[in-house]
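Trainee: Each protein sequence line maps, in turn, to chains A and B. For the first sequence, our numbering gives the first residue as 1, with consecutive numbering after it. For the second sequence, our numbering gives the first residue as 1, with consecutive numbering after it.
No lab work stands behind these hints: they were computed from the structure. Please note: incorrect hints may appear among the correct ones.
[Unchecked claim] Here chain A is said to cover these stretches of chain B; the calculated rule only asks that three of the stretch's residues, wherever they fall, bring their Cβ under 8 Å from a Cβ of chain A:
{"hint": "1", "region": "40–48"}
{"hint": "2", "region": "257–268"}
{"hint": "3", "region": "314–320"}
{"hint": "4", "region": "400–414"}
{"hint": "5", "region": "433–444"}
None of these values were measured; they are calculated from a predicted model. No residue lacks a Cβ here, since even glycine has one placed at the ideal position from N, Cα and C.
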Amino acid sequence: MNNKELPNHLKYLEDNLNKMARTRMLYSIISIAAIILILATGTYVAEESNAGSFVRGIDNFFDYPIALFAKTFDAGFSWFGYVLDYVPDLLYTFNMALFSTIVGAILALILSVFASGNLIKNKTIVWTARRIMDICRAFPELVLAITLLYLLGRSPIPAVIAIIIHTAGALGKLFSEAIENADNKQIEGLESVGSSWLSRIRFGVLPQVMPILLSYGLLRAEINVRASTILGFVGAGGIGEQLNTLIQWNFGAKITAVMFLLILTITLLDYFSTFTRQKLIGGSFIIPKDK
Amino acid sequence: MDKVSKEFLEKHSDVINIKFSKYLRSFFYLFLIISYSIFAFYSLGFNKLTDQFKPDFAAKLIQDSYSYKDHINTKWSDTSDVTISYEGGAFTKYDPKDFPEWFLSDTNKHSVIFNNQGIIDIFKDRIEMKGFGDEEEKNLLLTFKLLNGKPTVEGYTFDDPKLPKWIRVTENKVEVRPSLFERLQVYSEKIEIHRFQFGWKYFFFDFASPFNKYSSSELFLLFFSSNRLDPEISNARFMFNEFLSNEQWFHGLVFSSLRDTIFMAVIGTLFATIFGLLLAFLAAINITPFNFVRFFIRRFFDSLRGIDFLIWSLIFLRAFGPGLYTGILAIAFTDTGTLGKIMSEAIENIEKNQNEGVESTGATRNQQHRFGIIPQILPVFVSQSLYYFESNTRSAVILGAMGAGGIGLLFLDSIMTGANFENVAYMSILILIVVFLMDTFSQWLRRKLIGNVFVAIVK
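Chain B with its partners taken away, still in its complex shape (with noise of 0.2 Å):
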């Protein structure tokens, strides 16, 4: 080797050869990780997590979202009078003389034929059902019976191997499950079949509604048609309030909740602006003098953003009961805690020829802070509230849940009666959309606003 190449490599020896302790180092930092995420995968129950979750439980759940189900009922006594329901409700029978038309009525039997061309045959004595499950099982033509005042299936024993797996045979209940989307119940006294359909039927309007014998491009006529339905308001406007006023999908609700949630993110932010804004220049060492009124305000400012906006929640909850003022206050007082933290820090970091300059030519103290001092940190100003308002639109609707209101309680009410699942998949579609729209509305106004200024600290 030569002697340059020598002597380079003991000047930089620390960048060519990196000692062994550094390696060290970060093997150690690397170990501490990992073994700490073993610690914590083990103590918060990970490996217990397939006992845990119930597959059957949520396959239905999410079959629920996204399927909606008629009941036919009827009873052994007497087969011949069936009640179908949309979804069972008491409330959403479907007329006799308009019954759907998968469901055949003949002078001896009932047929209600499934989407998979499978029948359920309901004769006065026995059941009959063919074309379900596989490929073999297709051709089985099942009966069942009422045998001793007991439902069995005809040709079977009870827990026969020879039955297909989706039949269970108890003491006073025979079910049938070929598939998610067919069920059959068969007890000693009435007989329940659930026929499943995809997608989200009465969504526009509700079971009750007149406009449900329409199809869509009848209602588009309709709408600018000037036959009223209704003698005393427009189709238009009729048309509006029976879909706000839907009782399966609670538009109305829904959105005016969408509203207060929306209404606490903005006017939580901008309080939180205004106020942080103001104060920061008091807590700011270049502009005020006062010693103990800095420290006053910076401790005031700690102990907003200290007191956590579930604290504040719960105690503007007391006060205020639930409803918007909870949301927005609690989003304020903690935001002014934050922003005015980092105003008075973006104050404290401003560029002093400005202000000199601005000095130099006369101006009173409060043109300096108008043209030496906002126009530099109007940038950081802007986007930081704007990042604020983006994180504060999903914390209205965590507020909502906590009790606030908006639409946070209504999928936390929705999520916990646990029956309509399709409306906790649309709730949350609209909650993603919300949040997605007000994201991009941000992140818009702030390159309109400042550009592009990479700005490295956010919430």
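Excised from the complex, chain A in its bound form (with noise of 0.2 Å):
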């Protein structure tokens, strides 16, 4: 055998190395083996608990959209007066967004400082603030607002709580992280000047993560337009309301002004967070942790 010739440290190395590839496969093949085992298990799943089969589903899969589309070239051009006639909805739902992402980030700007290690040195002060998020952020929005609209009744008020709670959490969450991985010198710098616990944050913190925290706030404003579009359907008002009639009603060319509305909504906000994220924190989006 050729290893018998090699030194003995030059043996110690090929052998690490093969073994390493060994392991290396062992993974690879078990994590596919494990996909396919869940893919597998899930469509059979699927299959049995499913109304109708997926092969069937193929084949009525256009017949919706068609229909819909039919109905809309029947309308005419009324039809893009159902497009502004839905536009008060679409604002509606706009501002119960707009208004929990501002609160929702407020709230969770105060939770993440005290979840932020290198702010807070306390230990119990940053596990409970880190549990309280969690907890905020584990609800769906739409559980907590189904809850909270049997409470309150109709009205728009619980869904703006239940996205408030939620977006706290997940705002917070990411918030802390960001503040976590500012850089330690400039806090370092002006306590060794002597200046106050909030001065440090406002001066050494908050302009090394303000671009990174607005542009999570721009991002959480587009997901919670989509959420609040959401809990229109179960009686939070707005345009998912009308939505969810007009689906009920079965009124096809008001259906797809609707959703033209939606979509042109959410693709025009897409864009310009993207766009304001870019100006904000350069495009880039892998931070390399450094210690």
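Make one complex out of these two single chains by using the hints.
Mentor: Next comes the structure, spelled out in structure tokens:
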């Protein structure tokens, strides 16, 4: 064998390399097998539990969109009137989303300061703040909103409260991650000249993280517009509720009008937030964590 | 001031003396945000919040979520005939030979003993209650009787100010509710007593189950015992079946719905990552030289993403009906767009050096992709898919409520019936646990796979 002629230390290296290659291979095989297994069981369960099977569903897939477009075509130019009719509802939904993003982001900022280990030295406070954020984040908005809707009646308020709570948790986690990744030298510098805790945050941390926080906030605003549309479906009002009614009555042309408005808004918001984010953080989205 | 300091101050005047206009600008933004918030506060109707909120209703529902009640019903025509039922259900009546220990029967009366030591006695022609309310009222003996066929409180006139506040007398009914945990209703024909207790009763085995009469230690022994309660199947199996088929808590249904929801999230995200990654190569400028292909794929991503998963779910709901496919496909379609976009941007941002290094060894195009590009984008790829997986667990619950099935639909159904708030509480706790576990799992996996990389973009 060739191995015998090799010096001892090289042999050791080669053995280790082979061992690592084998482990790597094993991991790859296991993960691929796991993915295939999950896909297979999943499709099996889906086929068992679904009301219509996959093949039948694929056959009907285009029926609904085609029917919608046919009705839209029949409506002719009055379709543009429908689009304008639903703009107030869209603004209503947008209002809900924007307000809850602002309030949620303020709460998130307060929470995240207490959840960052580099600003608060007391571990109990950090732990508690993190768990509060976890709980706020874990509830899907819908679950909270349905419960509050039942208690408070049909109005936008339950939806807004639900989105605020979820936003505070989700943004708070991202904010605190960003704050913990901030450069400690500036905080230490401020500490060395005897500045207070608040001014350390104001002049040491906020200037560093503000662009990231703002871009997260923008992203959240976009997500919250989608969320408040969905919450409209369960009774919070706005364009979601209109769409729900229209679908129940099957007003084809009006359905496409509302869908068009929604898609337009979401796409515009998406472009706007991507553009602003690129201005703010320069498009780079991996920031290596250097300690 | 010496010359050096003066020069220094002049050189860095923009840092040391911040211009007033800069302050003004930040105040302007602040003013804008505050004035918008005030506008939104009123336009959304937050000032009318207190009018809508019904504290009694909320208290009742919240109490229902952590307590249960037994109904004690009887009629004036024959007060010796008493039925006791769990939550007032027609199929959950206690056997008269096996009444609970807080119900005592004597020759001329029945007594219901409450947790606060208050007692309601049911006689042939009257009801006496004692020991309820605050310290002063506890010594009061209240007697309820029928007078000319109308329920009355003896010794008090209609609308008597001396009556305790928790008694309400109307034309056909006397309602007594000393606290949330006791309630007595006297009608002209029947008498209804509700006795509330803390806890989730029949959580493991339902009312009709043979396992109810055993204590937990006895159940533990029975689980391993070879003396079969049902000769057909083993005790462990029997217990398991009884647990899943619980009529009050629907564990079987809840667990299968949870499984459906988890499957929706997992498989939807898996499909999205697979297709997203494949299409991302076609959309990246440094891989695909054909402009029209890139343009087409990019617009395809945009439209998948722009049509929100809400609208996708509506379309799929028509085609596939309520079920897993609707949820899976809605998640897969939306996130193929998003993940594809992120991946293609990641591919475009890679370091060229590694790819060129691989190329210089004479590797083919596929090998260049495999060894030059994939190792670079893998961290972004893994962390993004796992982030999306986390958020899709929540999306799957939401999709469920929109009609795709799973725990979301079950939750919506049980809250809309409005009767069993304890089931709602149970389900929301389960949803919370599942979401939390999924988050923890994905964070653990992310840390295992890519280490401490801070990725600053999330859904």
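Trainee: Can you give the numbers of the hints that this structure goes against, from lowest to highest?
Mentor: none
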